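There are 2 protein chains.
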Amino acid sequence: MGSLYVALIHYPVYDKNHDVVTSAVTNIDVHDIARSCCTYGVAGFYVVTPVDALRALVRRIMHHWADGDGHDYNPTRSEALALVHLEASLEGVEIDIEARHGRLPLLVSTSARSHQTGADAATVPITYDDLRARLDGATGAGDGESADQPWLLLLGTGWGLTEEVLDRCRYALGPLRGPSAYNHLSVRAAAAIILDRLRCPR
Amino acid sequence: MGSLYVALIHYPVYDKNHDVVTSAVTNIDVHDIARSCCTYGVAGFYVVTPVDALRALVRRIMHHWADGDGHDYNPTRSEALALVHLEASLEGVEIDIEARHGRLPLLVSTSARSHQTGADAATVPITYDDLRARLDGATGAGDGESADQPWLLLLGTGWGLTEEVLDRCRYALGPLRGPSAYNHLSVRAAAAIILDRLRCPR
Numbered sequence: 001m002g003s004l005y006v007a008l009i010h011y012p013v014y015d016k017n018h019d020v021v022t023s024a025v026t027n028i029d030v031h032d033i034a035r036s037c038c039t040y041g042v043a044g045f046y047v048v049t050p051v052d053a054l055r056a057l058v059r060r061i062m063h064h065w066a067d068g069d070g071h072d073y074n075p076t077r078s079e080a081l082a083l084v085h086l087e088a089s090l091e092g093v094e095i096d097i098e099a100r101h102g103r104l105p106l107l108v109s110t111s112a113r114s115h116q117t118g119a120d121a122a123t124v125p126i127t128y129d130d131l132r133a134r135l136d137g138a139t140g141a142g143d144g145e146s147a148d149q150p151w152l153l154l155l156g157t158g159w160g161l162t163e164e165v166l167d168r169c170r171y172a173l174g175p176l177r178g179p180s181a182y183n184h185l186s187v188r189a190a191a192a193i194i195l196d197r198l199r200c201p202r
Numbered sequence: 203m204g205s206l207y208v209a210l211i212h213y214p215v216y217d218k219n220h221d222v223v224t225s226a227v228t229n230i231d232v233h234d235i236a237r238s239c240c241t242y243g244v245a246g247f248y249v250v251t252p253v254d255a256l257r258a259l260v261r262r263i264m265h266h267w268a269d270g271d272g273h274d275y276n277p278t279r280s281e282a283l284a285l286v287h288l289e290a291s292l293e294g295v296e297i298d299i300e301a302r303h304g305r306l307p308l309l310v311s312t313s314a315r316s317h318q319t320g321a322d323a324a325t326v327p328i329t330y331d332d333l334r335a336r337l338d339g340a341t342g343a344g345d346g347e348s349a350d351q352p353w354l355l356l357l358g359t360g361w362g363l364t365e366e367v368l369d370r371c372r373y374a375l376g377p378l379r380g381p382s383a384y385n386h387l388s389v390r391a392a393a394a395i396i397l398d399r400l401r402c403p404r
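In the order they appear, the protein sequences are chains V and A. Oh and the first sequence: position 128 is 128 in this note's numbering, straight run, nothing missing. Basically this note's numbering = 1-based index in the second sequence + 202.
No wet-lab data here; the hints were simulated from the structure. The structure presented is a predicted model; accordingly, all values stated were derived computationally and were not measured. Possibly wrong hints are sitting among the right ones.
[Stated by the list, open to error] Heads up, simulated SDA-like pairs for lysine to any residue below, C-alpha to C-alpha not over 20 Å straight-line: (1) Lys16/V to Asn276/A; (2) Lys218/A to Asp72/V; (3) Lys218/A to His31/V; (4) Lys16/V to Thr162/V.
[Stated by the list, open to error] Facing chain A, a subset of chain V residues (Cβ under 7 Å, in silico): (5) Arg35; (6) Cys38; (7) Tyr40; (8) Gly41; (9) Asp72; (10) His101; (11) Arg170; (12) Ser180; (13) Ala189; (14) Arg199.
Don't be surprised by glycine CBs; every beta carbon is placed ideally from N, CA and C.
If we strip away everything but chain V, and leave its shape as in the complex, we get:
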């Protein structure tokens, strides 16, 4: 099975006015997504923010659950938080994964909006089932991709990943849709559903 990583991006993302901003790190995002990653066999979960103080805050929370009274209270949290890495930028995540695997990860974007790619765009839409098969090694690798390819799934915060980040991705997963027109899931809920679709045993 290919190694799957997840990155939660706090910059660059849009705010409600479509301005590019740095969103605040939400404590519960780190906990919830780490637990979902741990359940679904994700190799590492990167929390990405350029704000030094916010990375330090997350490090302190991780330390609380790993070693302190938190570990005694609920040891299952430290197991999940052991998956968490802190990086200042997406580039830092890519370099870290390259150091582990000897090759850069393939980037996969997620978005609540359909990403419009131009005819000359390098980003290809991919379905959940197709990405699942690729991760399982059930279907062949594309150009310049290997069977033991690391994959990096990008999750946006705020009002979502910027076009610039979406355009950098090789593949784009479509929005999660239910039977209703409403599509404003929390990033925590979206991460859980995406990982279940890609990794639940069948």
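Start from chain V and add chain A according to the hints.
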């Protein structure tokens, strides 16, 4: 399609020592699960706690997003929170649904543990696919069930629903499992995955 309701139970649930307790209402549970319910066409989301002050707190938060500055800031939250109902007990939820549909809902339990039912137990295990088919009306109704049957999915907080509540349910969904042995999803993540499995368009 059968009407599906969701109830988030704060009493009776277990704590980490397997004592029966009333858990605190977590603000983010209400928001996240309401948004997931709205996405997946759930007819109503009940937050169940016997603590008057906690029901009053949730009511105040709902009011903030429905009418106040919150609505101007993010109108999608009020749309989701319109699904939320407050009840003091599971029995209150059943009575409310009976008042809407003219019949009591069929109860479906969820649990991170496998529920051991005795030979004479009234609770039947059901798979996600089978429940999905039942909700779609694709398979026939059981004894004493009708095609327009309302369904009520129970979510536990704390360390899970008590045996007493599990035994009251007609059907029991199995634990969500990924490829790893770890199964400590947040109730927010579990709710999102369960609704996606039962209701995502295929």
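For each hint, the structure was consulted:
no.	hint	result
1	Lys16/V to Asn276/A	holds, 9 Å
2	Lys218/A to Asp72/V	holds, 12 Å
3	Lys218/A to His31/V	holds, 18 Å
4	Lys16/V to Thr162/V	holds, 12 Å
5	Arg35	holds, 6 Å
6	Cys38	holds, 5 Å
7	Tyr40	holds, 4 Å
8	Gly41	holds, 4 Å
9	Asp72	violated, 11 Å
10	His101	violated, 19 Å
11	Arg170	violated, 24 Å
12	Ser180	holds, 5 Å
13	Ala189	holds, 4 Å
14	Arg199	holds, 6 Å
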